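Numbered by UniProt numbering, the letters in the sequence shown go through residues 1 to 610 in order.
Hints are not guaranteed to be accurate.
What the hints assert, rightly or not - List of simulated lysine to aspartate or glutamate pairs, DMTMM-like, C-alpha gap at most 20 Å:
id, residue 1, residue 2
1, Lys140, Asp473
2, Lys394, Asp436
3, Lys394, Glu404
4, Lys200, Glu487
5, Lys278, Glu267
6, Lys290, Glu246
7, Lys260, Asp280
8, Lys597, Glu520
9, Lys329, Glu545
10, Lys384, Asp564
11, Lys597, Glu106
12, Lys382, Glu404
13, Lys297, Glu404
14, Lys516, Glu545
15, Lys293, Glu330
16, Lys296, Glu176
17, Lys290, Glu240
18, Lys93, Glu106
19, Lys101, Glu111
20, Lys597, Asp52
21, Lys482, Asp434
22, Lys260, Asp144
23, Lys532, Asp564
24, Lys365, Asp434
25, Lys290, Asp280
Unchecked claim - Cβ pair distances, simulated, as ranges:
id, residue 1, residue 2, range
26, Tyr86, Lys332, 51 to 59 Å
27, Asp100, Arg251, 52 to 60 Å
28, Pro445, Gly519, 51 to 59 Å
29, Ser309, Thr570, 23 to 31 Å
Source of the hints: derived by calculation from the structure; they are not laboratory data. Nothing here was measured: the structure is a model prediction, and the numbers come from that model. By construction, the Cβ of each residue, glycine as well, lies at the ideal position given by its N, Cα and C atoms.
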Amino acid sequence: MLFFISTSVNTAMLRPTGRVVGIIKRNWRPYCGMLSKSHIKEARRHLFTPADRRIPRIRIETRQASILEGRRIIVAIDGWPKTSRYPNGHFVKNLGAAGDKETETEVLLLEHDVPHQPFSQAVLSFLPQMPWSISDEDMKQREDLRQLCVCSVDPPGCTDIDDALHCRELENGNLEVGVHIADVSHFIRPGNALDQESAKRGTTVYLCEKRIDMVPDLLSSNLCSLRSNVDRFAFSCIWEMNQNAEILATRFTKSVINSKASLTYAEAQMKIDSATLKDDITTSLRGLNKLAKILKKRRRENGALTLSSPEVRFHIDSETHDPIDLQTKELKETNSMVEEFMLLANISVAQKINQEFSEHALLRKHPAPPPSNYDILVKAAKSKGLEIKTDCAKSLADSLDRAESPSFPYLNTLLRILATRCMMQAVYFCSGMDSDFHHYGLASPIYTHFTSPIRRYADIIVHRLLAVAIGVDTTYPDLTDKHKLSELCKNLNFRHKMAQYAQRASIAFHTQLFFKNKGEVSEEAYILFVRKNAIVVLIPKYGLEGTVFFEEKAKPNERLVFNDEIPSLTVEGTTFCTFDKVKVSIVLDSSNIQHQKIRMTLVEPKVGSQ
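Throw the hints in and build the complete structure from the sequences for me.
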């Protein structure tokens, strides 16, 4: 392809261009959507409108149009004639009534390519026969850690408990700290149908009212889950630390543990804060919490980022299963406590497997964003008289820590939310296929995922690598084939991304259900972004983000004035800047049943003749 550039053209404005010369393979798949019934009486040809707005409408023939109207259906494309405006397709399946919770959940799973069919008999045949218990032979091959005061700390209602912790003082005055992770790789052996299905699914998907497991329930909620007061297989990472949380020795062992308590974050926090409790579990938690604070401080000093994103929790009616309340999740010290030791275990394991398998380690990296990604953050901070430096993660972390406003306490949270939007996606990769291992957000030279094998297939591979590295299991050809491992990483990255999108879609749908019967609601909001004809706002109370559009009238240039440098938008004399506080009304727009949306309009300040 040749490009001719005229000297009179501003070369900075030029973009690489090209044209499609051929299609090697069409990436068609079955599509979810709704039928647009023809107005012609007795017509058999109708148009189907996909839920994905990027897909064109599809012409299908069916005699069931009256039955399918108002239903969510699946259609497959057969071909696209050159002379036709629309591709041709055929009806595949009726999913159910549009707006129904089960139907909409099925749609979002299908549209995000989340494998969610029941596990096949071939897969289930590789599960242990029940009743199952740990045998004497098993005990000979593992370290017995059942005497340790191990406990788990998780969100309320968690049944797939991946991790548990312990902390105790040693005779020499140092501390022994253990992270004990469910030994899923004991039950899922390489290459069988259970392993293949887990690899295909890649991750557990958490929706608002539903969990799509990566492994069958017998493992995820029972035999692998580190529930309290039962013996369980674990893969343990145990450190000897001094009182300043400095690691003196690290060891890894396959073990048997017996968790003494399954606590929620709130329950663990209550124990730590209690003036009267001095039992073994509370003492262990206090030791862990003290060390975690030191570890977190040290990480941040090294340049690790503490970012923010609004997470919401729905309170569901026990009878109707509709959301009756929506609020942002409150994070406690114990959330951070668990996170610190999971990060430390992941780093320790990454170092070990890379040391033993320099070409075949499955690692996780977080690329540094290109400088231009930070433009919006830097400009937004500058508009409030603050400077954000972005030359490295350490500079960014320090800048965010300094970006405080006594008169506007929420400003720092808003800046951290904006900083999150500037980041690149973290990805899995094979060490032999890459040279850049650095994890930007954690400021760590090496990192992997070891701590959640019930819900992530990457962790199962890491467990297998670690087991071979410490001589407690044998290797197999695919484990040391960097090309196959690289292909596996591609699927894991795709599945992880789709799981995130599906979760966001589930939150969006439940948010719509929440506002469906509320009529119009007014709430305080902060401006996150300023566009040429709109402002994007965040409502802290609900962790909800939305766009307020300003319709252009006869003289748009007089009504809307956008300034990209500040950034700001002036609407009929009223200027809106990033982080300004406004009041918006929220209402559910159900005019398009397939694409219902939350609409926001400005209440305060009033604009022009509003």
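The hints, checked one at a time:
Taking the CA atoms of lysine 140 and aspartate 473, the gap is about 14 Å. The hint holds against a cut of 20 Å. In summary, the hint linking lysine 394 to aspartate 436 is supported, as the alpha carbons are separated by about 18 Å, within the 20 Å threshold. Distance check on the hinted pair: lysine 394 and glutamate 404 sit about 17 Å apart at the alpha-carbon level, within 20 Å; holds. Restraint check: the Cα-Cα separation between lysine 200 and glutamate 487 comes to about 12 Å, which is no more than 20 Å; the hinted pair holds.
Simply put, lysine 278 and glutamate 267 have alpha-carbon atoms about 15 Å apart, close enough for the 20 Å limit, and the pair holds. Distance check on the hinted pair: lysine 290 and glutamate 246 sit about 13 Å apart at the alpha-carbon level, within 20 Å; holds. A C-alpha spacing of about 10 Å is found between lysine 260 and aspartate 280, which places the hinted pair at or below 20 Å, so the restraint holds. Restraint check for lysine 597 and glutamate 520: the C-alpha separation of about 13 Å stays at or below 20 Å, so the hint holds.
Straight-line distance between C-alpha atoms of lysine 329 and glutamate 545 comes to about 15 Å, which keeps the hinted pair within the 20 Å bound. For the suggested pair lysine 384 and aspartate 564, the alpha carbons sit about 15 Å apart, so the restraint of at most 20 Å is met. A threshold of 20 Å between alpha carbons decides the hint, and for lysine 597 with glutamate 106 the separation of about 19 Å falls inside it, so the pair holds. Annotation: proposed proximity of lysine 382 to glutamate 404 holds, straight-line Cα distance about 13 Å (limit 20 Å).
For the suggested pair lysine 297 and glutamate 404, the alpha carbons sit about 18 Å apart, so the restraint of at most 20 Å is met. Our distance criterion of 20 Å between C-alpha atoms is met by lysine 516 and glutamate 545, whose separation comes to about 17 Å. Restraint check for lysine 293 and glutamate 330: the C-alpha separation of about 18 Å stays at or below 20 Å, so the hint holds. Only pairs whose Cα atoms come within 20 Å are accepted, and lysine 296 paired with glutamate 176 is accepted, the gap being roughly 18 Å.
A C-alpha spacing of about 15 Å is found between lysine 290 and glutamate 240, which places the hinted pair at or below 20 Å, so the restraint holds. Among the hinted pairs, lysine 93 with glutamate 106 is consistent with the structure: their alpha-carbon atoms are about 12 Å apart, no more than 20 Å. At most 20 Å may separate the alpha-carbon atoms for a hinted pair to count; lysine 101 and glutamate 111 meet this at roughly 15 Å. Annotation: proposed proximity of lysine 597 to aspartate 52 holds, straight-line Cα distance about 14 Å (limit 20 Å).
Of the pairs offered as hints, the one joining lysine 482 and aspartate 434 holds, with about 11 Å between alpha carbons and a cut-off of 20 Å not exceeded. Under the criterion of a C-alpha separation no larger than 20 Å, the hint pairing lysine 260 with aspartate 144 is consistent with the structure, at around 15 Å. Annotation: proposed proximity of lysine 532 to aspartate 564 holds, straight-line Cα distance about 9 Å (limit 20 Å). About 10 Å separates the Cα atoms of lysine 365 and aspartate 434, which keeps this hinted pair within 20 Å; it holds.
Using a Cα cut-off of 20 Å, the hinted pair lysine 290 and aspartate 280 holds, with the two alpha carbons roughly 15 Å apart. Checked against the hint of 51 to 59 Å, the pair tyrosine 86 and lysine 332 passes, with Cβ atoms roughly 54 Å apart. Between aspartate 100 and arginine 251 the C-beta distance comes to about 53 Å, which sits within the given range of 52 to 60 Å. At about 54 Å, the beta-carbon gap between proline 445 and glycine 519 stays in the expected band of 51 to 59 Å.
Between serine 309 and threonine 570, the C-beta spacing of about 30 Å keeps the proposed range 23 to 31 Å intact.
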